[in-house]
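Visitor: The chain contents come next:
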Amino acid sequence: MLPAIGSAGLSIDDVAARLAATFDADLSDLRVQEPDTVVAVLEGGRLHDVALRLRALEGLTYESCNFIAAVDLGDHFEAVYHLYSFAANSYLELHVAVPRSKPIVDTVSDVWPAADWHEREAFDLMGIRFEGHPDPRRILLPDDWVGHPLRKDYVDSIENHPNV
Amino acid sequence: MSDQFATSAPDEAMALALRRIAESEAAGQGSEMAGLGFNQVVVNMGPQHPSTHGVLRLVVTLDGELVKDVIPVIGYLHRGKEKIAEKRTYYQYIPIVDRTEYVAGMNCEWGYVRTVEKLAGIEPTRRAEFIRVIMAELNRIASHQVGVGTFTADLAPLGTAMVFYAFRHREKILDLLEAASGARMMFNYFRFGGVRYDLPDGWVDTCRELMLQVPAWCKEYEALVNDNAVFLQRCLGKGVMTQEDVADYAITGPNARASGVAHDLRRTRPYSVYPELDFEVCLGQHGDVFDRYQVRVDEIRESARIVLQCLDMLPAGPVQLGTLRAPYIVTPPPGACYTAQENPRGEYGTYIVSDGSRYPYRLKYRDPCFVNLQIFPKLLRGNKIADAVAISGSMDLVLGGIDR
Numbered sequence: 001m002l003p004a005i006g007s008a009g010l011s012i013d014d015v016a017a018r019l020a021a022t023f024d025a026d027l028s029d030l031r032v033q034e035p036d037t038v039v040a041v042l043e044g045g046r047l048h049d050v051a052l053r054l055r056a057l058e059g060l061t062y063e064s065c066n067f068i069a070a071v072d073l074g075d076h077f078e079a080v081y082h083l084y085s086f087a088a089n090s091y092l093e094l095h096v097a098v099p100r101s102k103p104i105v106d107t108v109s110d111v112w113p114a115a116d117w118h119e120r121e122a123f124d125l126m127g128i129r130f131e132g133h134p135d136p137r138r139i140l141l142p143d144d145w146v147g148h149p150l151r152k153d154y155v156d157s158i159e160n161h162p163n164v
Numbered sequence: 165m166s167d168q169f170a171t172s173a174p175d176e177a178m179a180l181a182l183r184r185i186a187e188s189e190a191a192g193q194g195s196e197m198a199g200l201g202f203n204q205v206v207v208n209m210g211p212q213h214p215s216t217h218g219v220l221r222l223v224v225t226l227d228g229e230l231v232k233d234v235i236p237v238i239g240y241l242h243r244g245k246e247k248i249a250e251k252r253t254y255y256q257y258i259p260i261v262d263r264t265e266y267v268a269g270m271n272c273e274w275g276y277v278r279t280v281e282k283l284a285g286i287e288p289t290r291r292a293e294f295i296r297v298i299m300a301e302l303n304r305i306a307s308h309q310v311g312v313g314t315f316t317a318d319l320a321p322l323g324t325a326m327v328f329y330a331f332r333h334r335e336k337i338l339d340l341l342e343a344a345s346g347a348r349m350m351f352n353y354f355r356f357g358g359v360r361y362d363l364p365d366g367w368v369d370t371c372r373e374l375m376l377q378v379p380a381w382c383k384e385y386e387a388l389v390n391d392n393a394v395f396l397q398r399c400l401g402k403g404v405m406t407q408e409d410v411a412d413y414a415i416t417g418p419n420a421r422a423s424g425v426a427h428d429l430r431r432t433r434p435y436s437v438y439p440e441l442d443f444e445v446c447l448g449q450h451g452d453v454f455d456r457y458q459v460r461v462d463e464i465r466e467s468a469r470i471v472l473q474c475l476d477m478l479p480a481g482p483v484q485l486g487t488l489r490a491p492y493i494v495t496p497p498p499g500a501c502y503t504a505q506e507n508p509r510g511e512y513g514t515y516i517v518s519d520g521s522r523y524p525y526r527l528k529y530r531d532p533c534f535v536n537l538q539i540f541p542k543l544l545r546g547n548k549i550a551d552a553v554a555i556s557g558s559m560d561l562v563l564g565g566i567d568r
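If you're matching them up, the sequences are chains A and B in order. In terms of this note's numbering, the first sequence opens at residue 1 and continues consecutively. In terms of this note's numbering, the second sequence opens at residue 165 and continues consecutively.
You may find that some hints are simply not true.
So the derived list for chain A, only partly shown, Cβ under 7 Å to chain B, looks like this [claimed, not checked]:
1) L57
2) L60
3) S64
4) F67
Because the hints were derived from the structure by calculation, they are not lab data. Ideal placement from N, C-alpha and C gives every residue a C-beta, glycine not left out.
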């Protein structure tokens, strides 16, 4: 059974304080975005470890991975993980920088099954690879598509989709 | 044997299904009927199939009648909406949002408009807030009528009687939406800070009259199917989703509430004027196909109650901000924002990154159907192929949102 929504009775500032204390070494730039979201920056190499700990955090378990958004910021990509805790009824937004030259981060689909397709989508449209993903295929575009259209430097060409 | 009817090279999903069969056979977990000379078969259900309600393709591995494995294939309706957003101004993009989850266009528009308003610091007028809630709830009723109607039509023994009842009533609601916005489904009605038009003369009375009939409609739906032995046999205890599944797969909306998870963003993350309104969060107990159907019927009743309350509380005043030109040009300050709201199918969120220009730098949808679809392989495995149709119908997917 899941905990009742909001049963932990934590305010968003309590949640932020708890996260800051627990993940002192991992989360930086921690701030509260009204009304119910904590935003933080995380280093890519620590992602999988932190994900496991967030999933098992006593009293403030982040049970759900709501979605993952990939953003092209020019010199690097950013993967934004949006997590939800039922007990605290609050969201955690983790920003992970992904280098453009080597766009690889660890998968979290083993921690949150819901992350599976979001990672496939981020690969398909933005070209971020998720190390250890069980099924790293394209998801929205055809299998034989060339390139990743949501990148800002993507140039559309008939050669990118040979079967159309 | 399984590819004997293949006419061209299998695509990646098909190849994956065949590979998994080979692996399971190598591991000694092949067909249970191997001794009878049978084999596992891969069947493509969709993309053109009456019970997938759109261009969803399920690559189903069958062992006799049992579903061994399912690989959903999506993208047939992909129109690159997130890329399109980067080349349109915030204002120009509003009509395109309608076409994501197209049976609930009002709700989708609201989700997008709210995010931009939050980014740009625009506060809608109070009358507009009430009109928005009315439109969203009317659209929720219409959307659930599609969901419930087509779901019962999928269960073939019932014939298509129920779908006509549901669609007949839905048409009356679409008439209301058309009178207010000018369109049946692709509304283009929401504006930053308000809505496009005020309600026409006599609209409030017509709407109130119609909403008073809604409980009778629901009674009609329930009288048609709830005591039907065939219907119950195909629904009860089928496709059970536990609360852990709901959390693991981030299921939201009626599908989550059918499992007893009281996750309704109108209550858990209140927005607009919902805190002032009195309504119940409809819950199921078992999380099976029947509960998912029943929760939707209950929500139709609750939505009608919300609309009636809003009609009574509707304040006078403008429905748009300031001068006519004001809402056309929006330049939010640089930053990112995610807002979510309760669509008929679950949490519909929009994540927008702004670079301070007139165009969204990046727009990402969190579509409830896309997320809910992920649980299909787990839900369908081990069921009969006929139950797979019932289960997928009860999840009420809209492919426009999944593929974007």
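Visitor: With a cut-off of 7 Å on the beta carbons, see whether L57 of chain A makes it to chain B.
Guide: 14 Å, violated
Visitor: Return the status of the interface hint for L60 of chain A: holds when the least beta-carbon distance to chain B is below 7 Å, violated otherwise.
Guide: At about 14 Å, which exceeds the 7 Å cut-off, the nearest Cβ of chain B leaves the hint on L60 of chain A violated.
Visitor: Have a go at the S64 of chain A hint: is there a Cβ in chain B nearer than 7 Å to its own Cβ?
Guide: Check passed: Cβ of S64 of chain A comes within 4 Å of chain B, closer than 7 Å.
Visitor: Given a cut of 7 Å on the nearest C-beta pair, is the interface hint for F67 of chain A held or broken against chain B?
Guide: 4 Å, holds
The structure fails to meet hints 1 and 2 from the earlier list, while all remaining hints are met.
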